[in-house]
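Take these sequences, add in the hints, and give me the full structure.
When the count follows our numbering, it moves up by one through the sequence shown with no breaks and lands on 166 for the last residue.
Keep in mind that the hints were calculated from the coordinates and are not lab data.
Misleading hints may appear alongside valid ones.
Quick list of in silico lysine-lysine cross-link-like pairs, DSSO-like style, CA-CA up to 30 Å [stated by the list, open to error]:
1. K155 <-> K140
2. K53 <-> K139
3. K139 <-> K155
4. K55 <-> K155
5. K155 <-> K53
6. K142 <-> K155
Cβ-Cβ distance ranges computed for the label pairs, FRET-style [what the hints assert, rightly or not]:
7. G97 <-> K55: 35 to 43 Å
8. P144 <-> Q56: 30 to 38 Å
9. P62 <-> R104: 18 to 26 Å
10. G146 <-> N123: 25 to 33 Å
Remember, predicted model here, so these are calculated numbers, not experimental data.
Note that beta-carbon positions come from the ideal geometry of N, C-alpha and C, so glycine has one too.
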Amino acid sequence: MLRFVFYPLFFALPVSGWALDIDHCPTPERIKNKQGIYTAPTVSHQGQWIGALSSDAPAATTRFIRAVYFSNPTEGMERGILRRCMYRTASNEIVDLNFRANEDLQLSVRLLDRENWKKRKSPTGLHMYVCTSKEEGGCVFSVLE
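So this is what it looks like as structure tokens:
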């Protein structure tokens, strides 16, 4: 299992959090399209990103739009579900990629690099955070086991 330590986060984390299994939404260039099935590897190698379009001629992804994360009001950014990473294709369609684990992991995540995640109103009563950073690793999170 690949472990990373982000230097800017080094002093912001408690001792128990210095080595984290991290992931982030893939950049558009890393996403492969095979007949409308979109896939990309994860940084942690704990799974893959996967999505699908049912159009007649699905095109390559060209632009990252946003990542969407939900949590209950008591958990906030500490534990929740990364719902999707959204992209626009060359044919102007939107495709959502979802994180799929290799194992039966508890698919809870903790948000990292928190200044990129903005809280938004959600009609569900859950807290919703959205990240629109276009940088590779801008919408970063750690997978909680």
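Are there hints from earlier that the structure breaks, and if so, what are their numbers? Those not satisfied: there are none.
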